[in-house]
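Enquirer: Sequence:
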Amino acid sequence: MRYLVDTSVISELVKRSPDENVMEWMKRAEEMSLYLSVLTIGELEKGIAKLPASSRRSKLETWVRSDLADRFRERLLAIDGTVAATWGKLAGEAESRGEPLPVIDGLIAATGLAHHLVIATRNIGDFERCGASCFNPWLAG
Numbered sequence: 001m002r003y004l005v006d007t008s009v010i011s012e013l014v015k016r017s018p019d020e021n022v023m024e025w026m027k028r029a030e031e032m033s034l035y036l037s038v039l040t041i042g043e044l045e046k047g048i049a050k051l052p053a054s055s056r057r058s059k060l061e062t063w064v065r066s067d068l069a070d071r072f073r074e075r076l077l078a079i080d081g082t083v084a085a086t087w088g089k090l091a092g093e094a095e096s097r098g099e100p101l102p103v104i105d106g107l108i109a110a111t112g113l114a115h116h117l118v119i120a121t122r123n124i125g126d127f128e129r130c131g132a133s134c135f136n137p138w139l140a141g
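Taking my numbering, the leading residue of the sequence shown gets 1, the next gets one more, and so forth.
Honestly, I wouldn't trust all of these hints.
[As the list claims (entries may be wrong)] BS3-like cross-link-like pairs, simulated, lysine-lysine; straight-line CA separation at most 27 Å:
1) 59 to 15
2) 89 to 50
3) 50 to 15
4) 59 to 46
5) 89 to 59
6) 15 to 27
[What the hints assert, rightly or not] Restraint ranges, calculated between C-beta atoms of paired labels, are given here:
7) 129 to 61: 32 to 38 Å
8) 82 to 57: 31 to 37 Å
9) 125 to 47: 17 to 23 Å
10) 53 to 95: 39 to 45 Å
11) 96 to 15: 33 to 39 Å
12) 27 to 62: 20 to 26 Å
13) 31 to 84: 24 to 30 Å
14) 129 to 53: 35 to 41 Å
15) 53 to 74: 29 to 35 Å
16) 27 to 74: 18 to 24 Å
It is worth saying that the hints were derived from the structure and are not from the lab.
C-beta: ideal position from N, C-alpha, C; glycine also.
Make the full structure from the sequences, and use the hints.
Expert: Right under this line is the structure:
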């Protein structure tokens with residue numbers, strides 16, 4: 001199985017007290033089956049930008065820009081035409097039902113659908129209602 005690792009999962013790796021189930025799942029997962037969206041990098045950078053200057057901020061910057069960049073170099077997925085078209089369909093259908101879809105979650109769902117990936121996330125609600133397959137590693141124990 002191939003997974004699109006959502007921000008909620010990837011950020012768990014650098015928490016001071018990470019969830020054991022998430023850490024164990026990441027250790028057991030086949031490395032080449034794990035993918036990241038460029039949006040996850042953006043969300044991580046946004047979180048880092050809000051931190052005051054500190055050694056923690058510097059370490060997180062290095063982790064995102066070097067460690068994650070190297071680890072996912074060949075498995076970092078962009079928003080291409082197929083993903084954009086899939087997102088447009090999902091967002092339009094959600095609005096027609098009166099259930100607006102958050103843009104970033106919608107684009108991540110579209111990325112998972114377009115690339116036939118299971119979305120590994122704690123936040124399954126928005127993704128499942130888009131028809132995306134999801135997996136919650138917090139419940140994997």
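Enquirer: Take the hints in turn and mark each one as holding or not.
Expert: Quick rundown of the hints versus the structure:
no. : hint                  : in the structure
1   : 59 to 15              : holds (12 Å)
2   : 89 to 50              : violated (33 Å)
3   : 50 to 15              : holds (16 Å)
4   : 59 to 46              : holds (15 Å)
5   : 89 to 59              : violated (39 Å)
6   : 15 to 27              : holds (16 Å)
7   : 129 to 61: 32 to 38 Å : holds (34 Å)
8   : 82 to 57: 31 to 37 Å  : holds (35 Å)
9   : 125 to 47: 17 to 23 Å : holds (21 Å)
10  : 53 to 95: 39 to 45 Å  : holds (41 Å)
11  : 96 to 15: 33 to 39 Å  : holds (38 Å)
12  : 27 to 62: 20 to 26 Å  : holds (22 Å)
13  : 31 to 84: 24 to 30 Å  : holds (28 Å)
14  : 129 to 53: 35 to 41 Å : holds (40 Å)
15  : 53 to 74: 29 to 35 Å  : holds (33 Å)
16  : 27 to 74: 18 to 24 Å  : holds (20 Å)
Hints 2 and 5 from the earlier list are contradicted by this structure; the remaining hints agree with it.
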